[in-house]
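Trainee: Sequence:
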Amino acid sequence: MRYLSRNQAEQWLNQHTLYGKKRKMFTNKFMKRLSKSYRLVPDKNTLFGKKYSLLELKEYAHDVNPRSFA
Numbered sequence: 001m002r003y004l005s006r007n008q009a010e011q012w013l014n015q016h017t018l019y020g021k022k023r024k025m026f027t028n029k030f031m032k033r034l035s036k037s038y039r040l041v042p043d044k045n046t047l048f049g050k051k052y053s054l055l056e057l058k059e060y061a062h063d064v065n066p067r068s069f070a
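Residue numbers (this note's numbering): 1 to 70.
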């Protein structure tokens, strides 16, 4: 299981998440809002900050941008 730091998680989401056809920019403020609403919860809190699991990020990206099934 791969864990990403807050910054890496933000970058990963920016690259992989679309709202409809529009790309959503994940900023500090937006990430805080996601945490408060429990939409995206960090997997672990380490000494160096929060860590997000890649699996959870993928699920979130899929929720906001469902893949089309052929």
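The hints are simulated quantities; they were obtained by calculation from the structure and are not laboratory data. Check the hints yourself; a few may be wrong.
Below are the PhoX-like pairs computed for lysine-lysine, each with C-alpha atoms no more than 20 angstroms apart in a straight line [to be verified]:
1. 32 with 50
2. 32 with 51
3. 50 with 36
4. 58 with 44
5. 36 with 51
Trainee: None of the hints should be skipped; say for each whether it holds.
Mentor: So, going through the hints one by one against the coordinates:
1. 32 with 50: 12 angstroms, holds
2. 32 with 51: 14 angstroms, holds
3. 50 with 36: 14 angstroms, holds
4. 58 with 44: With a Cα-Cα distance of about 17 angstroms, the restraint between residue 58 and residue 44 holds, given a limit of 20 angstroms.
5. 36 with 51: Judged against 20 angstroms, a Cα distance of about 16 angstroms means the pair holds.
Going down the numbered hints, you'll see the structure goes against none, and every one checks out.
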